Amino acid sequence: MTFEDELRKGNFQVAECTDCKKIVWPPSDFCNQCFQEIRWRKCANEGKIIEFSKQNNNYFCLAEFENTIKIIGKVAS
Amino acid sequence: MGKVGIVSYGITKFSKEDSKIESLLLKSTKKLFENSPNLSRNDIDAVLVSTNNNSKYLSAILSEMSGIQPKISHTVESLCNSGTNAIVSAYSYIASGLADVVLVSGAERYDSPGQILEWDNSRGEFKHPIFWASIFTKSYKREFSITDEDLAIVSVKNHKQAQNNPNAISEKEYSLDDVLNSKRLTDDLRLLDCSRPCTGGASILLTSEDFCSKFTDDPIWITGIGQKTISAGFTKNTFDYMESTRIAASSALKMSKHNSSDIDVAEIHDAFSVCEPMALESLGFTDKGSGMDMVKELYAANNFKINPRGGLIGSGHPLGATGIAQTIEIVQQLQICANKRQVDDATIGLVHNMSAAATSSTVLILEK
Ligand SMILES: [Zn+2]
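Protein sequences appear in the order of chains A and B. Residue 0 is where the first sequence starts when you use numbering that gives the first Met the number 0, and the numbers rise one by one after that. Residue 0 is where the second sequence starts when you use numbering that gives the first Met the number 0, and the numbers rise one by one after that.
One chain only, chain B, in its complex shape:
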């Protein structure tokens, strides 16, 4: 099986804009073309769209609007980890030899239907994500004697880091008191503990090893992929750690022949504050119950290793674009072009993208 590399990308600013889904897809695709002077429309074998938007035939529409006539074109949907699922599909098309050059474009509107999973009757009338997040938060606090004040540091850190990300929705820093005094959504969740649904698009170009050099001198290789789906319903889940994430990370690291201690920089799916320490533990970066110690140390040292672009809390969360935006961040970090967000000596990176209270997770390992 040949290597698969990431050779270009394009991304829009995340906002609350009222844009059409088609316009969002086109906007980041146009930027990708502008970043790839050697890319011709005929090079592209497959166009994959990642979104939760209910519109139809978006991949064919994006292809037509971009003047591409691909062999393979379809949408990939898996709630909040649609983006990395589309990247894994692109990888598979290339690794199987069905395609050499694949464009993956993700987009979402602020009013995405992907926030609510109607099917899940086990959530009763409590289908909005703030309810699973409250259960997660309460369980995690109880199990590991963590306080609201501890968890608020995740939001403070990620909003701070987002100030160096020109595409982030967050435009200001918040203090610990700001987070703690922000609107109380439930006893265990405040407004600033939440990532915000928003409007945005992100596109990425993947190629086989033989085609990489046409587009870049600096490809970033996908060397590890791990995925796991435990269930669709929330209540078959674990509530103080992420089992699907643990399994996905273990597969991805094994495939890349690395340990979690080898990772220099990571984008973590911090849909809510509690998700960051839980994910750090489930990914194997630290022991169970020690995730907040790690977050606090990184924050105190002004170390951007985790969620350099500001994570979902700082950047905003346009569901179908999120996994792609996370991957673009790690690509920029490994290409040493992340400007003020740059982590020192970044050579191996990790992306963690999950859906519906970590019932499903994707982990990618990227390397120079």
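This is chain A alone, in the form it adopts within the complex:
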């Protein structure tokens, strides 16, 4: 499973360290704090929009999830 494949299917997964439980972001193969194994889990559905702009008629935004990670994405109406 890769992050991109899951995302394409509409599943927003994050990599979480099996040891220290921190989210590794952007997704990686090992924890960037302790180099332990990661496991994939579903990210919280709700995020907070930190900033946004618009291209043509499409809004895009910088959103924060689980008070930890940020990602740029489309805002669907």
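Incorrect hints may appear among the rest.
Listed next, the stretches of chain B that the computed footprint assigns to chain A, with coverage defined by at least 3 CB atoms under 8 Å from CB atoms of chain A [unchecked claim]: (1) 174-187; (2) 203-216.
Output of the computed footprint for chain B on chain A, the stretches with three or more beta carbons under 8 Å from beta carbons of chain B [what the hints assert, rightly or not]: (3) 23-29; (4) 44-56; (5) 59-69.
With a cut-off of at most 27 Å between alpha-carbon atoms, the simulated BS3-like pairs for lysine-lysine come out as follows [claimed, not checked]: (6) B:Lys55 to A:Lys73; (7) A:Lys47 to B:Lys2; (8) A:Lys53 to B:Lys213; (9) A:Lys53 to B:Lys126; (10) B:Lys140 to A:Lys53; (11) B:Lys182 to A:Lys53; (12) B:Lys235 to A:Lys73; (13) B:Lys159 to B:Lys2; (14) A:Lys73 to B:Lys126; (15) B:Lys182 to A:Lys8; (16) A:Lys47 to B:Lys339; (17) A:Lys41 to B:Lys140; (18) A:Lys41 to B:Lys55; (19) B:Lys235 to A:Lys21; (20) A:Lys47 to B:Lys126; (21) A:Lys47 to B:Lys235; (22) A:Lys20 to B:Lys235; (23) B:Lys55 to B:Lys126; (24) A:Lys21 to B:Lys126.
Calculated from the structure, these hints are not laboratory results. None of the values given here were measured: they were computed from a predicted structure. The C-beta atom is built at its ideal place from N, Cα and C for all residues, glycine as well.
Following the hints, position chain B with the ligand against chain A.
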């Protein structure tokens, strides 16, 4: 640790030309040799190439095409601040005693792969630089009550200054209305707010203190270096100021034993309009939120202190050559040979070169 000086340079005109990367490297290196009558091929201990181009073994290729057989030869890549990273590597080789004379050559084609960082999944489908620039612009405008009209002055100023730079891609001045009415890329970014990827090359020669006098009577010393990388991904960044730039500037100024108020002239990495006021604040030239006041004052006074060659917006942005071209500009300013771009009494200069939305920054302090 001995001093390291810049003793010669060569640069091409920035354009949209379809040239081979090898030809671009050779072209500015040839100009550097023409500017250095006492330079023989045997003098050069190291050849460093700065580019985002995907070609292989470019330093060995440039060396062979130039008839040089260096001890050290390799490429340095760090997206948009590859150029100053290569200069810092050259400095380190000289300061460590591994080399006395180092040629640094940077080049890029207009279609450089260095504009997009595929790895950064935190940018989602929004990997083109216009998206981080839009987020930066929106955040900066909101935080400090800045308008599009304010930011457009950066582009007006830098295109105007570029008209005195014979190597700049920009060939005309633009009015405030021209900038505001230029193609809308997003709600927060217009075409003329952007620096343009282009084709160009720039080379510079660095030597140890003992070797300087062979090549010039007027060396420019690198007296301060500061670098900081916060992350590769955009979203771990700050969005209304540049943390990596703040840290890099503070280290570089400390090393040179100067304050930002001592700087007479500076090249700032204005990849987009908003970057100039943000960088001015992060470099310590002015308070947070006051960057546009400084830009407006300089523009009104026709003062070329910031981005005399026109910055990236006016000169064009051939990624691997940019940091070297910025450094060449400051060298010319300190040698008082910048012609119509000359800033009065320039004795201490600063170069600010950054990558990928200021996730990484380099700051250099140069002095006579
Ligand atoms: Zn961990």
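Outcome of the hint check:
1. 174-187: holds (count 4)
2. 203-216: With 0 residues closer than 8 Å to chain A, the region 203-216 of chain B misses the three-residue bar; violated.
3. 23-29: holds (count 3)
4. 44-56: holds (count 6)
5. 59-69: holds (count 4)
6. B:Lys55 to A:Lys73: Roughly 37 Å between the alpha carbons, so the hint for B:Lys55 and A:Lys73 is violated.
7. A:Lys47 to B:Lys2: violated, 51 Å
8. A:Lys53 to B:Lys213: violated, 57 Å
9. A:Lys53 to B:Lys126: Holds. A:Lys53 to B:Lys126 sits at ~15 Å (cutoff 27 Å).
10. B:Lys140 to A:Lys53: holds, 15 Å
11. B:Lys182 to A:Lys53: Measuring from Cα to Cα gives roughly 14 Å; hence the hint holds.
12. B:Lys235 to A:Lys73: Holds: B:Lys235 and A:Lys73 sit about 19 Å apart, inside 27 Å.
13. B:Lys159 to B:Lys2: violated, 36 Å
14. A:Lys73 to B:Lys126: holds, 13 Å
15. B:Lys182 to A:Lys8: Violated: B:Lys182 and A:Lys8 sit about 34 Å apart, past 27 Å.
16. A:Lys47 to B:Lys339: violated, 50 Å
17. A:Lys41 to B:Lys140: violated, 34 Å
18. A:Lys41 to B:Lys55: Distance of about 41 Å is beyond 27 Å: violated.
19. B:Lys235 to A:Lys21: holds, 15 Å
20. A:Lys47 to B:Lys126: Distance of about 21 Å is within 27 Å: holds.
21. A:Lys47 to B:Lys235: It holds: about 15 Å lies between the C-alpha atoms, which stays within 27 Å.
22. A:Lys20 to B:Lys235: holds, 19 Å
23. B:Lys55 to B:Lys126: Holds, because 25 Å separates the two Cα atoms, which is no more than 27 Å.
24. A:Lys21 to B:Lys126: holds, 25 Å
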